[in-house]
Amino acid sequence: MNLDVILRAGISTGTILLIAAIGEILSERSGIQNLGVEGMMLFGAMAAFKVSYESGSVILALLAAIGAGGLLSLAHALVTIHFQADQTVSGLSLTFLGTGLALVLGEGLTGLNTPTVPNATIPLLSLIPWVGKIFFTDQNLLVYFGYLLIPASWYFIFKTKPGLHLRAVGENPAAADTLGVNIYRTRYLYTFIGGCMAGLAGASISVAISPGWYSNLTTSGQGWIAVALVIFAQWNPTGAAVGGYLFGMLRRFMLDLQGPTMLLGYKNPFFYDHNLVFFLQMTPFVLTIIALLWGSARARRKRLGAPAALGVPYVRGERGL
Amino acid sequence: MTLPTSIPESPAVEMQDIVLRFPGVLANDHVSFTLNKGEIHALLGENGAGKSSLMNVLTGLYKPQSGTIRVNSKKVVFNSPKDAILSGIGMIHQHFMLVPNQSVTENILIGLDEPRFTLNLKKYDEKVRELAAQFGLNIDPTAKIWQLSVGEQQRVEILKILYRGANILVLDEPTAVLAPQEADELILTLRGMAAQGKSIVFISHKLNEVRAVADRLTILRKGKTTAEGVPLEGLTKEKLASLMVGREVLFNLKKCDQEAGDTVLMLEDVSAMNNKDLPALKNVSLCLKEGEILGIAGVAGNGQSELVEVITGMRTCTGRIWMGGKNIANKTPQFSIEQGLAHIPEDRVGVGTAPNLSITKNVIMKNFEHEPISHRWRLDYTAANNQAKKLREQYDIQSPSVETQARKLSGGNLQKLILARELSSQPRLVVAMQPTRGLDVGAIEGVQQLLLNQREQGCAILLVSEDLDELMDLSDRIAVMYEGEIVGIVNPKVTDINTIGLMMTGMARRGTACDDGVFPPEAGQADADAGAQTGETDEAAQADAETATPEPPAPPEEEIEPAMPAEEAEYLPPETEKERILRKVRGPDWNKGGRP
Numbered sequence: 001m002n003l004d005v006i007l008r009a010g011i012s013t014g015t016i017l018l019i020a021a022i023g024e025i026l027s028e029r030s031g032i033q034n035l036g037v038e039g040m041m042l043f044g045a046m047a048a049f050k051v052s053y054e055s056g057s058v059i060l061a062l063l064a065a066i067g068a069g070g071l072l073s074l075a076h077a078l079v080t081i082h083f084q085a086d087q088t089v090s091g092l093s094l095t096f097l098g099t100g101l102a103l104v105l106g107e108g109l110t111g112l113n114t115p116t117v118p119n120a121t122i123p124l125l126s127l128i129p130w131v132g133k134i135f136f137t138d139q140n141l142l143v144y145f146g147y148l149l150i151p152a153s154w155y156f157i158f159k160t161k162p163g164l165h166l167r168a169v170g171e172n173p174a175a176a177d178t179l180g181v182n183i184y185r186t187r188y189l190y191t192f193i194g195g196c197m198a199g200l201a202g203a204s205i206s207v208a209i210s211p212g213w214y215s216n217l218t219t220s221g222q223g224w225i226a227v228a229l230v231i232f233a234q235w236n237p238t239g240a241a242v243g244g245y246l247f248g249m250l251r252r253f254m255l256d257l258q259g260p261t262m263l264l265g266y267k268n269p270f271f272y273d274h275n276l277v278f279f280l281q282m283t284p285f286v287l288t289i290i291a292l293l294w295g296s297a298r299a300r301r302k303r304l305g306a307p308a309a310l311g312v313p314y315v316r317g318e319r320g321l
Numbered sequence: 001m002t003l004p005t006s007i008p009e010s011p012a013v014e015m016q017d018i019v020l021r022f023p024g025v026l027a028n029d030h031v032s033f034t035l036n037k038g039e040i041h042a043l044l045g046e047n048g049a050g051k052s053s054l055m056n057v058l059t060g061l062y063k064p065q066s067g068t069i070r071v072n073s074k075k076v077v078f079n080s081p082k083d084a085i086l087s088g089i090g091m092i093h094q095h096f097m098l099v100p101n102q103s104v105t106e107n108i109l110i111g112l113d114e115p116r117f118t119l120n121l122k123k124y125d126e127k128v129r130e131l132a133a134q135f136g137l138n139i140d141p142t143a144k145i146w147q148l149s150v151g152e153q154q155r156v157e158i159l160k161i162l163y164r165g166a167n168i169l170v171l172d173e174p175t176a177v178l179a180p181q182e183a184d185e186l187i188l189t190l191r192g193m194a195a196q197g198k199s200i201v202f203i204s205h206k207l208n209e210v211r212a213v214a215d216r217l218t219i220l221r222k223g224k225t226t227a228e229g230v231p232l233e234g235l236t237k238e239k240l241a242s243l244m245v246g247r248e249v250l251f252n253l254k255k256c257d258q259e260a261g262d263t264v265l266m267l268e269d270v271s272a273m274n275n276k277d278l279p280a281l282k283n284v285s286l287c288l289k290e291g292e293i294l295g296i297a298g299v300a301g302n303g304q305s306e307l308v309e310v311i312t313g314m315r316t317c318t319g320r321i322w323m324g325g326k327n328i329a330n331k332t333p334q335f336s337i338e339q340g341l342a343h344i345p346e347d348r349v350g351v352g353t354a355p356n357l358s359i360t361k362n363v364i365m366k367n368f369e370h371e372p373i374s375h376r377w378r379l380d381y382t383a384a385n386n387q388a389k390k391l392r393e394q395y396d397i398q399s400p401s402v403e404t405q406a407r408k409l410s411g412g413n414l415q416k417l418i419l420a421r422e423l424s425s426q427p428r429l430v431v432a433m434q435p436t437r438g439l440d441v442g443a444i445e446g447v448q449q450l451l452l453n454q455r456e457q458g459c460a461i462l463l464v465s466e467d468l469d470e471l472m473d474l475s476d477r478i479a480v481m482y483e484g485e486i487v488g489i490v491n492p493k494v495t496d497i498n499t500i501g502l503m504m505t506g507m508a509r510r511g512t513a514c515d516d517g518v519f520p521p522e523a524g525q526a527d528a529d530a531g532a533q534t535g536e537t538d539e540a541a542q543a544d545a546e547t548a549t550p551e552p553p554a555p556p557e558e559e560i561e562p563a564m565p566a567e568e569a570e571y572l573p574p575e576t577e578k579e580r581i582l583r584k585v586r587g588p589d590w591n592k593g594g595r596p
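First to last, the protein sequences are chains A and B.
The opening position of the first sequence corresponds to residue 1 in the numbering used here, with each subsequent residue numbered one higher.
The opening position of the second sequence corresponds to residue 1 in the numbering used here, with each subsequent residue numbered one higher.
Derived from the structure by calculation, the hints contain no laboratory data.
Each hint should be verified, as a subset may be incorrect.
Within a straight-line C-alpha distance of at most 35 Å, the following computed DSBU-like cross-link-like pairs (lysine-lysine) qualify [stated by the list, open to error]:
{"no.": "1", "chain 1": "B", "residue 1": "Lys144", "chain 2": "A", "residue 2": "Lys161"}
{"no.": "2", "chain 1": "B", "residue 1": "Lys122", "chain 2": "B", "residue 2": "Lys75"}
{"no.": "3", "chain 1": "A", "residue 1": "Lys161", "chain 2": "B", "residue 2": "Lys75"}
So that you can see chain A by itself, here it is in the shape it has in the complex (with noise of 0.2 Å):
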């Protein structure tokens, strides 16, 4: 077990963690919460998956993945938007619906190879000690489109006009719409956008940050932990930076753990006792409870939480919220 190493990979990993995260938190900042964010993953991973692999194209793929999230998150919004159903009922389907088709179109995918998306190291950045080993050396590119999206979405939500009709929308829909903002078209394109990027995620598990496809075990419920930690990063997308980084360090490290390793001197017990190991799978989705439960303590000090609107289907007319 290496620090360095645990850290790098825990930014690459996390990578996709953040993808996500941002996704949902565009989609939940209009008021649409989107559950189905694994079923997204999964199908975009498998939509890259497939592509990649009969086209040869990375760039095909990556776009394979995003139009399908966006295509299963407009599902979502038509269920939701259109016909105002309760948004955790059609996110849990859309999570099964997702998963089901993934796996349906997936036969047969297992254990080909595949294009992917290459790895590079950053001139100049790279040669900062210790970070530039870390942030800027061999990682791969959607890794570095990470680094860019966090400050990009955070300038656009809260320092641009499309962004404060977007919060506007998720916190009073109703203000917003009588001053000329469309409800629903804000509504449909941010869902859509976060269908978008949840496909992207998968596409950055498949064909670039740990190639492969190996069924439902290509996501193994990092869809899940990227809904969390939306709460836990308080709608906010440098707070799923540093939420999406962690948990992919974690993961590494959990992974390590499993390793022939000496622990403290004694025979690492994740190694030989392999029941011990089930509690250590365990460990990711435990911490996301712990956090969801920080993060909603927070948000309850904190006046800045939940967007007031999230879950609400907008009705014109229906004063208030």
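Given the structure of chain A, go ahead and fit chain B onto it with the hints provided.
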């Protein structure tokens, strides 16, 4: 179809034959409305008369089934609020349409074409500040909405519309949420804006206010106009009310003089936090006696909700709340109910009723555990229905049957349902929060009379209201709350409404916590720039004349603050009995720094 009584020279807005239909409801039935340039036009009517619907048509939120709208003599069709804004029409809604965690400027910029992409808030803060200065609206553009008082939030709403270059402003019951001084200030602002050429529609059901502000008025009843564009001269309050309600409304409530009895409720040093974990109640002490109505006045959000919640067992607190010899603080609501407490909550739909359940189920919600409705583990719905039918009759709840879902009732009937449930339990204490808010004149009269009847039967009533007229009419004493403290308790018979208004805004303080219904000698009003001494003696004499037993005059240094310049005047409350004792016991510095 009605025609305008006089053809105006240059109307800003002409609405003709507007028909607006919702499923099952005819909200506007061939309504016509004309607004002249530079006038303030009052739109009067009961709840559900179609005032807001008509104005929502004008502001593009609803599309009428038929009818025409002309703005500045040009025919327009509005498909969305944006179209109306482009025609220079803006509406200030009754429920503010603001995003609480965004700044003033951010709220104003929502939906505008400029800025195009990046916000550059600093530049726009400056623009907002200039506009605010032009119309005399004092506001900090960088403040977050949730940090502002209700009056300030209203200014943001007005600014939002002015920023869009609106010439026609529609205000939906703008003073409902304001303290009297804030309301006066608003009316002055509106007058100033009308003088600058803006045309203003002023929706209200407060008759006095309409008389103070409007040039002309239009009255709606059940979706039809009963008066259109009538000048205000010569219309009496009674005439206005009957045009609104369709029958005579009595403005004199039957309130008998009676002596207060034993103490029913006593609060000692009660403090509590609000939902944001900030102190909302600060050492509140109160007492309330049989056959007495204690009014709680205050601008919304000064601790009134929290006060009601700690008494009804819905919020934890420190201190003691005595009711019938038992401390009900930090007990369950069930426990308070058993002591004889009835609660008429502010939120009728969320707290007061279960909207999707029937009238019967809502009515038995408090006593379903007792005979005759429950037999051990079984509920007897026949008995429950009978009880509901009886109460429906007695309280005149208009509904097709007792099986009707509560959410289908109108505001007034829903409130009657709550009153029926709460008052039929023969309570010793009624805690009523905003019992008449949002009700029409007729329903208000009924609710107020019910409360007075309870008082006559010896019930103690804590009445929290933002409507000062109501408090003045009903209360035996009025406690004024400001920032979580009782800043004074006054007798409505001898106190001027402006004095209470000043206390509500924290500009004046006085009074005691628990004083047997006897108000203290007046400690001078905030506008008393000099001669506080003489004022005090005058009013004290008046006070003494009111009560049979004159209070021994307290030492003057405890009662009167030195006179201060009018603007800066802030008076410390004279010491309460309890504080006087504490000072004796613990020495002069017992509460150093504890009071502002």
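Tell me the numbers of any earlier hints that the structure contravenes, in ascending order. 2
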